[in-house]
Amino acid sequence: MKHSTLLGICTLAASMLAASSAFAQDASPASSRTLETVKSRGTLICGVIGTSPGFSLPDSQGVMRGIDADQCRAVAAATLGDAEKVQWVLLAPQQRFTALQSGEVDVLFANVTWTMTRESQLGLQFPSIYYYDGQAFMVKKALGVNSALELDGASICMLTGGTSELTVQEYFSANNMTYTPVVLSEGEEARAAFLADRCDVYTIDSSSLAGFKASQGEAGEDFVILPERMTAEPLGGVVRKGDERWFDIVRWTHYTLVNAEILGIESGNVESFMDSEDPRIRRFLGMEGELGATLGLSNDFSKTVISQVGNFGEVWARNVVGVDRGYNNVWTKGGLQYAPPFR
Amino acid sequence: MRSASKSNRRPIAGAADLRSLALQAALVLGIVALAWFLIDTTLANLRARGITTGFAFLFRPINMPIAHSWLEFVPGIHTYARALLIGILNTLTVSFIVIVAATVAGTLIGIARLSPNWLLARVCGAYVEMIRNVPVLLQLVFWYQMLLQLPSPRNAITVVEGLYISNRGIRYPTLIEAQGGGLALGAFALGCAVLVALVYLRNRFGSERLKSRSFLPAGVLLLAIGPAAVLYLSGTRISPDVPELRGFNFVGGSSLAPELSALVIGLSIYASAFVAEIVRAGILGVPKGQWEAAESLGLSRVKTLRKIVLPQALRIIVPPLTSEYLGITKNSSLAVAVGYPDLVAIVNTMISDTGQAVEGIAIIMAAFLTISLAVSALMNWYNRSVALVTR
Amino acid sequence: MTSLSNIAGGPAVTEAGDEVVMRPPTERGPLAWTRRNLFSSWTSGITTGVMVTVLVWIGYRFLDWAVLRAIWTLPGSSIADTQLCRAETAGACWALIHEKYRFILFGLYPYAEQWRPTICIAAFIGLYVVSVDRRLWGWKIAAVWLAGLTAIFILMRGGVFGLRPVSEDLWGGLPVTLMLATFGIALAFPLAILVALGRASETNPTVRTLCTLYVEIIRGIPLISVLFMASVMFPLFLPEGLTVSKLLRAQLGIVIFVAAYLSETIRGGLQAVPSGQYEAAKSLGLGYWRMTALVIMPQALTIVLPPIVSLCIAFFKHTSLVMIIGIFDLLNAAKRSIGEPAWQGFGAEAYIFVAAIYFAFCFAMSRYGQRLEKRLKRSR
Numbered sequence: 001m002k003h004s005t006l007l008g009i010c011t012l013a014a015s016m017l018a019a020s021s022a023f024a025q026d027a028s029p030a031s032s033r034t035l036e037t038v039k040s041r042g043t044l045i046c047g048v049i050g051t052s053p054g055f056s057l058p059d060s061q062g063v064m065r066g067i068d069a070d071q072c073r074a075v076a077a078a079t080l081g082d083a084e085k086v087q088w089v090l091l092a093p094q095q096r097f098t099a100l101q102s103g104e105v106d107v108l109f110a111n112v113t114w115t116m117t118r119e120s121q122l123g124l125q126f127p128s129i130y131y132y133d134g135q136a137f138m139v140k141k142a143l144g145v146n147s148a149l150e151l152d153g154a155s156i157c158m159l160t161g162g163t164s165e166l167t168v169q170e171y172f173s174a175n176n177m178t179y180t181p182v183v184l185s186e187g188e189e190a191r192a193a194f195l196a197d198r199c200d201v202y203t204i205d206s207s208s209l210a211g212f213k214a215s216q217g218e219a220g221e222d223f224v225i226l227p228e229r230m231t232a233e234p235l236g237g238v239v240r241k242g243d244e245r246w247f248d249i250v251r252w253t254h255y256t257l258v259n260a261e262i263l264g265i266e267s268g269n270v271e272s273f274m275d276s277e278d279p280r281i282r283r284f285l286g287m288e289g290e291l292g293a294t295l296g297l298s299n300d301f302s303k304t305v306i307s308q309v310g311n312f313g314e315v316w317a318r319n320v321v322g323v324d325r326g327y328n329n330v331w332t333k334g335g336l337q338y339a340p341p342f343r
Numbered sequence: 001m002r003s004a005s006k007s008n009r010r011p012i013a014g015a016a017d018l019r020s021l022a023l024q025a026a027l028v029l030g031i032v033a034l035a036w037f038l039i040d041t042t043l044a045n046l047r048a049r050g051i052t053t054g055f056a057f058l059f060r061p062i063n064m065p066i067a068h069s070w071l072e073f074v075p076g077i078h079t080y081a082r083a084l085l086i087g088i089l090n091t092l093t094v095s096f097i098v099i100v101a102a103t104v105a106g107t108l109i110g111i112a113r114l115s116p117n118w119l120l121a122r123v124c125g126a127y128v129e130m131i132r133n134v135p136v137l138l139q140l141v142f143w144y145q146m147l148l149q150l151p152s153p154r155n156a157i158t159v160v161e162g163l164y165i166s167n168r169g170i171r172y173p174t175l176i177e178a179q180g181g182g183l184a185l186g187a188f189a190l191g192c193a194v195l196v197a198l199v200y201l202r203n204r205f206g207s208e209r210l211k212s213r214s215f216l217p218a219g220v221l222l223l224a225i226g227p228a229a230v231l232y233l234s235g236t237r238i239s240p241d242v243p244e245l246r247g248f249n250f251v252g253g254s255s256l257a258p259e260l261s262a263l264v265i266g267l268s269i270y271a272s273a274f275v276a277e278i279v280r281a282g283i284l285g286v287p288k289g290q291w292e293a294a295e296s297l298g299l300s301r302v303k304t305l306r307k308i309v310l311p312q313a314l315r316i317i318v319p320p321l322t323s324e325y326l327g328i329t330k331n332s333s334l335a336v337a338v339g340y341p342d343l344v345a346i347v348n349t350m351i352s353d354t355g356q357a358v359e360g361i362a363i364i365m366a367a368f369l370t371i372s373l374a375v376s377a378l379m380n381w382y383n384r385s386v387a388l389v390t391r
Numbered sequence: 001m002t003s004l005s006n007i008a009g010g011p012a013v014t015e016a017g018d019e020v021v022m023r024p025p026t027e028r029g030p031l032a033w034t035r036r037n038l039f040s041s042w043t044s045g046i047t048t049g050v051m052v053t054v055l056v057w058i059g060y061r062f063l064d065w066a067v068l069r070a071i072w073t074l075p076g077s078s079i080a081d082t083q084l085c086r087a088e089t090a091g092a093c094w095a096l097i098h099e100k101y102r103f104i105l106f107g108l109y110p111y112a113e114q115w116r117p118t119i120c121i122a123a124f125i126g127l128y129v130v131s132v133d134r135r136l137w138g139w140k141i142a143a144v145w146l147a148g149l150t151a152i153f154i155l156m157r158g159g160v161f162g163l164r165p166v167s168e169d170l171w172g173g174l175p176v177t178l179m180l181a182t183f184g185i186a187l188a189f190p191l192a193i194l195v196a197l198g199r200a201s202e203t204n205p206t207v208r209t210l211c212t213l214y215v216e217i218i219r220g221i222p223l224i225s226v227l228f229m230a231s232v233m234f235p236l237f238l239p240e241g242l243t244v245s246k247l248l249r250a251q252l253g254i255v256i257f258v259a260a261y262l263s264e265t266i267r268g269g270l271q272a273v274p275s276g277q278y279e280a281a282k283s284l285g286l287g288y289w290r291m292t293a294l295v296i297m298p299q300a301l302t303i304v305l306p307p308i309v310s311l312c313i314a315f316f317k318h319t320s321l322v323m324i325i326g327i328f329d330l331l332n333a334a335k336r337s338i339g340e341p342a343w344q345g346f347g348a349e350a351y352i353f354v355a356a357i358y359f360a361f362c363f364a365m366s367r368y369g370q371r372l373e374k375r376l377k378r379s380r
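As given, the protein sequences belong to chains A, B and C, one line each in that order. Letter 195 of the first sequence, counting from 1, is numbered 195 in the working numbering, and no numbers are missing. Letter 350 of the second sequence, counting from 1, is numbered 350 in the working numbering, and no numbers are missing. Letter 354 of the third sequence, counting from 1, is numbered 354 in the working numbering, and no numbers are missing.
It should be emphasised that the hints constitute simulated quantities derived from the structure, not laboratory data. Predicted model only: the values in this text are computed from it and were never measured. Misleading hints may appear alongside valid ones.
Here are the simulated lysine-lysine pairs, DSBU-like style, with alpha carbons at most 35 Å apart [claimed, not checked]:
no.: 1; chain 1: A; residue 1: Lys-241; chain 2: A; residue 2: Lys-140
no.: 2; chain 1: B; residue 1: Lys-303; chain 2: C; residue 2: Lys-377
no.: 3; chain 1: A; residue 1: Lys-241; chain 2: A; residue 2: Lys-39
no.: 4; chain 1: B; residue 1: Lys-288; chain 2: C; residue 2: Lys-282
no.: 5; chain 1: C; residue 1: Lys-282; chain 2: C; residue 2: Lys-140
no.: 6; chain 1: C; residue 1: Lys-374; chain 2: C; residue 2: Lys-140
no.: 7; chain 1: B; residue 1: Lys-288; chain 2: B; residue 2: Lys-307
no.: 8; chain 1: C; residue 1: Lys-374; chain 2: B; residue 2: Lys-288
no.: 9; chain 1: A; residue 1: Lys-85; chain 2: A; residue 2: Lys-241
no.: 10; chain 1: B; residue 1: Lys-307; chain 2: C; residue 2: Lys-374
no.: 11; chain 1: C; residue 1: Lys-374; chain 2: B; residue 2: Lys-303
no.: 12; chain 1: B; residue 1: Lys-307; chain 2: C; residue 2: Lys-377
These stretches of chain B come out as covered by chain C in the derived footprint (C-beta under 8 Å, 3 or more residues) [to be verified]:
no.: 13; segment: 23 to 37
no.: 14; segment: 42 to 48
no.: 15; segment: 70 to 83
no.: 16; segment: 109 to 120
no.: 17; segment: 193 to 200
no.: 18; segment: 326 to 333
no.: 19; segment: 369 to 376
Virtual Cβ for every residue (Gly too), placed ideally from N, Cα, C.
Just chain A, with the same shape it has in the complex:
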């Protein structure tokens, strides 16, 4: 009887183990097989923040929306032919690199600023810059402040977990000014604190500031985003080092979006370009040559991406509220978004 009880406990333990192993998935090793893994799995596992309006935030129906989310969709469309075959993994800022390094996600579009140490020390690579951002200050008009250099003595609401605390500190000590930090862990609290006058200044990337300002409707007219950008924050997709082919795929998926905008190809009119005589367009859309095959994709992957996700301009218009495109326009319209030739 004693043995049978022990046996029972063992069985229980074993069944618990079995249940837990149902969760544990053998992830792709950090080799050049990410694409194969994605194809055999049938979904792209994409790491996003999930709490960042305009970049990745679920809407009322639980559908992920934002530029980050659409970048994921574009990669899924390029590799699997279906933009909806994305499996989202939500990652807090301090978890996102571990998740990519350990193979929990295939690619990361999670508000990550491209920095040198992230490439040199963390074993990561940045295939593309899909958003040129910079940390800025927002104040209320009533304060009469026109420059960040007039902020001596202000109290400043900021978020913990990223680099914004350090940036503010560096900026103020470089300019010999003092401030009172109000460091909060969530955007919701920080925005509420700013609205309630808990702090004079709210600082975060200018894109988020603009979105917040727009959200307030007429009341938003009382806010001013100060002209200084304390940092350059090029936001990029991130992949593991050691899989060059996968790096190429993520990079050229982004260039597909940009190139489509430059050529004026949109999700709505892509079919009408199929009988184009222009060799650039014929190569780009896969009617001529073997460009897709060189990446291990189908030749018409660009067409799939554009018809399902749209071009970069469409992605922008769909997701970004109240931000002037500025640097983020394509180069033909004076911005920094540039696509190398598809040939």
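Assemble chains B and C onto chain A, guided by the hints.
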């Protein structure tokens, strides 16, 4: 009685002992093997991901601003170690204030729940149920939102000239010691120590008559006149530092930030509901005869409660109260949700800055284990002092 | 302090009614009741007056905001539409809940498949209700739970019986909260029993020491540090290439945390079983495991049922801490529902909505615990 069973088994004790020994050896081996495997994998992973190990980072300067600290902290100059120390002090501050506030409020509410006034008892009952059944994290966020609704500094509520309440916190005047810093504080601490020693000696050796006399006047004298005398004799002069509105905010004086207030209010209210239940159970645990006896002696209700019932209830109250205090200490780690830089919040930033999660979590665990053990020890000592002495 | 004499009454009125001081029969009727219970003395009268004033004032302010000036629906959900809720005269913006309730309840779970988590919530509630029935206690209830939890898991995850597979990264909202709490307690139970037995073991000092260490360390640290460990440290423990989803890691952390507390409660029960029971079982020739399983444990568990219910309430609330490591539980989903620019700033409405849900579950459990305690007291 289970040792008796051992002797029953004496005939096969040798075999059983041997088996138990083998089992223990196997267990130890298993644990060692598991630990070795985990440590080995972890080190391999850390190497593969280029994360450094060790505590060397503690002595590197950190560039993070800290919103609230008892010690001077200059980002970029002071080290991680100092930031951690500030975090621990902040955790202790919050825990201490909340423990005191929750005990006072909880006791009053617990007693009020037993009031003959139907409305009062019911309202307190509803309060306890409402507070106990909603997550404390949600309550903290709620209180922070509430405090933000206070007027801004320009429209601050002026309680008296020099004391202002706004959504930037409570701003109050302080005294600045022009010279001889720390002397008054030292004298105050000395006074406290002497007072505690005197109370202890009285309780230990004093006569019954002495024990029944209150020490309050003598205590106030010791704590107030002592420092004042020291100040006067040492020639220290103090000047008041009164806050005034200048530029963006109040300048001068000292302030209690709304982040700290929200944390203290939220945690105190949450804990007070549990303390109230503990106190109520303690009072109900005192036999009814005690009430009746006191009443027949002509004691008023307040007197009965203070002199007869509460002292006896204390024996029932102290053990659960100890675990409530431990709970409060641990709940203070939720500070990160309302932006108060406690130990966990600071370690959290540290982890995302250095990537050294293992060390960071080890620091949190060590600090909290130490605090928990200290609180337990203190409360056990107190419990022994109120325990029923059976003669 | 105005009415300390009034506050400091004897045990006259108690919420649970478990102690009633006999009073001489006096006049009856509502007027007499009022005089006796609300205006027995002038301090009592003042207290009543103050309380009524405060209650009416708070009640009116709340009603005015939550009902009279509230906005229940909006024509759409764009920024322009929600400006209606931002007007000076607007009260609570319940339109937020109208728009987002499915997101708050189910998080990222695919919209078309949300009937599945709905059934799961019902199944969880069903499990709780069935567990109240004392006739089923014993192996039957264990079987029901095992079947119920397996069914819930399969329904949520899909991939069999033609159900679309849904990765646990997409689970969110109320089912996740219920799951973390319920699986947390259910999986912690066997572990807690073993640890409690190990800690009470007199013949095996190694096991005793290990169990004691485990319990004391876990009980000395906050849950949030265990969750941090699960989210950032745990991946480092695993060999290259093996990953475990974040939800499971958090679940594991919660199980380890709950088991330490549960085992202490169970150990208390073990100590409360009279020693005669041990002796009687031994004299029947029962071995250690049979004695424990058939005689001691059932009694010990019955004794500690009320504190176990309190533990359930505590951990049900504590699951909300997983928000800090970024899991979409009920509280986190509520927070995210006000992230979209159009809905930013309506925190109070979202928090009140989820607070009501938490309250409903915890209050029901707490009422059940009180009933259980009373019954247990009577049966002794």
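Now for the hints, and whether the structure bears them out:
1. A:Lys-241 <-> A:Lys-140: violated, 44 Å
2. B:Lys-303 <-> C:Lys-377: holds, 31 Å
3. A:Lys-241 <-> A:Lys-39: holds, 20 Å
4. B:Lys-288 <-> C:Lys-282: Not OK: Lys-288 (chain B) and Lys-282 (chain C) at ~41 Å, beyond 35 Å, violated.
5. C:Lys-282 <-> C:Lys-140: Between Lys-282 (chain C) and Lys-140 (chain C) the Cα gap is close to 27 Å, so the pair holds against 35 Å.
6. C:Lys-374 <-> C:Lys-140: OK: Lys-374 (chain C) and Lys-140 (chain C) at ~24 Å, within 35 Å.
7. B:Lys-288 <-> B:Lys-307: holds, 15 Å
8. C:Lys-374 <-> B:Lys-288: Roughly 19 Å between the alpha carbons, so the hint for Lys-374 (chain C) and Lys-288 (chain B) holds.
9. A:Lys-85 <-> A:Lys-241: holds, 24 Å
10. B:Lys-307 <-> C:Lys-374: Status holds; Cα separation ~30 Å.
11. C:Lys-374 <-> B:Lys-303: With a Cα-Cα distance of about 31 Å, the restraint between Lys-374 (chain C) and Lys-303 (chain B) holds, given a limit of 35 Å.
12. B:Lys-307 <-> C:Lys-377: OK: Lys-307 (chain B) and Lys-377 (chain C) at ~29 Å, within 35 Å.
13. 23 to 37: Held - the segment 23 to 37 of chain B has 5 residues with a Cβ nearer than 8 Å to chain C, which meets the minimum of three.
14. 42 to 48: Three-residue rule met by the segment 42 to 48 of chain B, so holds; n is 5.
15. 70 to 83: Violated, because only 0 residues of the segment 70 to 83 of chain B bring their Cβ atoms closer than 8 Å to Cβ atoms of chain C.
16. 109 to 120: holds (count 10)
17. 193 to 200: With 0 residues close enough to chain C, the hint is violated.
18. 326 to 333: holds (count 4)
19. 369 to 376: holds (count 3)
Of the numbered hints given earlier, the model fails hints 1, 4, 15, 17; all others are met.
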